[in-house]
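Student: So the protein sequences, as listed, match chains A and B. Residues in the first sequence are numbered consecutively from -9, following the working numbering. Residues in the second sequence are numbered consecutively from 18, following the working numbering.
Hint data in this document are derived by calculation from the structure and do not stem from the laboratory. Every residue, glycine too, gets a C-beta built ideally from N, C-alpha and C. Any given hint could be a false lead.
[What the hints assert, rightly or not] Which chain B residues stay away from chain A? Per the calculated CB distances, all over 12 Å, these:
1. 107
2. 144
3. 243
4. 267
[Claimed, not checked] Ranges of calculated distance between the beta carbons of each label pair, as one might list FRET restraints:
5. 166/B <-> 40/A: 24 to 30 Å
6. 81/A <-> 245/B: 25 to 31 Å
7. 73/B <-> 40/A: 40 to 46 Å
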Amino acid sequence: MPIVANDDVVRVRRLARELAQRCKLSLVDQTKFITAASELARNTLVYGGGGVVRVGLVRGNGRLGALAVFEDSGPGIPDIDLALTDGWTSGGGLGLGLSGARRLVDEFALDTEVGRGTTVTLVKWAR
Amino acid sequence: MVAKQDGSARLLKLLSTGEQDLAAQWITQVSAGLAGRISRAELDRELNELFTALVEALRAGGQDAHGEELSELRALLTELSRNRARQGFTPSETALSVFALKHVLEPVLEGGTKDDVLAYLRLSRLLDDLGLFTIETYTRAREEIIAAQADQLLELSTPVVKLWDGVIAVPLVGTLDSARTQVVMEKLLQALVDTGSEQAIIDITGVPAVDTQVAQHLLKTIVAARLMGAECTVSGIRPQIAQTIVALGIEFGDIVTKASLADALQLALKKAGVEMISPAGGRR
Ligand SMILES: Nc1ncnc2c1ncn2[C@@H]1O[C@H](COP(=O)(O)OP(=O)(O)OP(=O)(O)O)[C@@H](O)[C@H]1O
Ligand SMILES: [Mg+2]
Chain A
-9 MPIVANDDVV RVRRLARELA QRCKLSLVDQ TKFITAASEL ARNTLVYGGG GVVRVGLVRG
51 NGRLGALAVF EDSGPGIPDI DLALTDGWTS GGGLGLGLSG ARRLVDEFAL DTEVGRGTTV
111 TLVKWAR
Chain B
18 MVAKQDGSAR LLKLLSTGEQ DLAAQWITQV SAGLAGRISR AELDRELNEL FTALVEALRA
78 GGQDAHGEEL SELRALLTEL SRNRARQGFT PSETALSVFA LKHVLEPVLE GGTKDDVLAY
138 LRLSRLLDDL GLFTIETYTR AREEIIAAQA DQLLELSTPV VKLWDGVIAV PLVGTLDSAR
198 TQVVMEKLLQ ALVDTGSEQA IIDITGVPAV DTQVAQHLLK TIVAARLMGA ECTVSGIRPQ
258 IAQTIVALGI EFGDIVTKAS LADALQLALK KAGVEMISPA GGRR
């Protein structure tokens, strides 16, 4: 699903909730996954200039997981370590979205290239 | 151009043959499909206008649903689709107004000449496109209606209530997007002024998720309230929200939080209560 407007962030959250429920995540883990998805959706929109999200169920080690992949072809992130530093923001945010989202999920992969775009993959496993 | 004119002429002929009045049959069919939920007079007017516009368009040589010649027809269809959307008809019921004309023309397939059949096929393709056009317009109109309702809901669903003299509360319910949080926060600050309150309780029991943006809005509002001399308490932070906020790394600093709205009210009353009993013994 595309992320091109503010409303889409709300829609991503709804999608993440449905997925987390289908995956039978605990209430706490559902909230964590939804919140992480919300952060990335907004980054995709604000910094990536819009993009897409793909969600789905994954299976690994006999467990079910909720997967969300956010992709944009925006400016990319020049300094990944800096971007993942708590409190660092290039805009007017709290600078906790990226680093916080990483703590909220079980798998977090950030793939970015300056001038090409950014892809972030999230997985939260059911326990 | 000649071929095009010629093609349209054939389509035109198709519409003007038929022993009975095609338009009348068409209206009857559509009317049956809408099961009396629209007045016959209104339908008569709508469809007669459409029929005339279609004939005019074909006479002008139009054969493309998106072409210049059909602009008048599209304008009429737009109006029709918007009306249907507003009146709560389904997309099928809306497109029926166009597709029914195909049905009415079908008899030409039996006993018609090869040219008639070809003309029918071409006209029916045009009507298919026009039918899709009505569905698209219908959908867009529906979306506008829904967006407008959401705006209204936005206003409605963020009440600021006065709980006590000097104490206001805003119970937040549902998903908080940026626009909504903004509205809530502005309302809260305005209510502080209007009611001259010094205590505000922001209750987030009904909020499914607090992300950095919501937190930032909350924090900013609380700071703004402080500048106005008021104190905010955040209540209703459920366990899953608390854990998420901690994992995100959001710090609420010295902001007072309470488990429930009742607890927050108690605290606010205590603070207000100290003020209420003045040395003079009267209420301030
Ligand atoms: N998709 C992206 N494309 C380009 N830059 C990005 C992208 N996502 C994040 N960044 C950069 O990384 C920084 C940190 O992101 P992070 O989400 O942690 O903070 P933020 O969005 O600025 O604030 P918030 O706490 O509200 O999320 C951003 O300020 C931005 O410069
Ligand atoms: Mg962010």
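Student: Decide, hint by hint, whether the structure agrees.
Tutor: Hints, verified against the model:
1. Against the 12 Å criterion, residue 107/B stays outside the reach of chain A, whose nearest CB is about 23 Å from its own CB.
2. Residue-level check passed: residue 144/B sits 32 Å from the nearest beta carbon of chain A, beyond 12 Å.
3. Listed as a non-interface residue, residue 243/B keeps its Cβ farther than 12 Å from every Cβ of chain A; the least gap is roughly 18 Å.
4. Distance check on residue 267/B: its Cβ comes as close as 6 Å (rounded) to a Cβ of chain A, failing to clear the 12 Å threshold; non-interface status is violated.
5. The supplied range of 24 to 30 Å is met by residue 166/B and residue 40/A, whose beta-carbon atoms lie about 26 Å from each other.
6. Checked against the hint of 25 to 31 Å, the pair residue 81/A and residue 245/B passes, with Cβ atoms roughly 27 Å apart.
7. Between residue 73/B and residue 40/A, the C-beta spacing of about 43 Å keeps the proposed range 40 to 46 Å intact.
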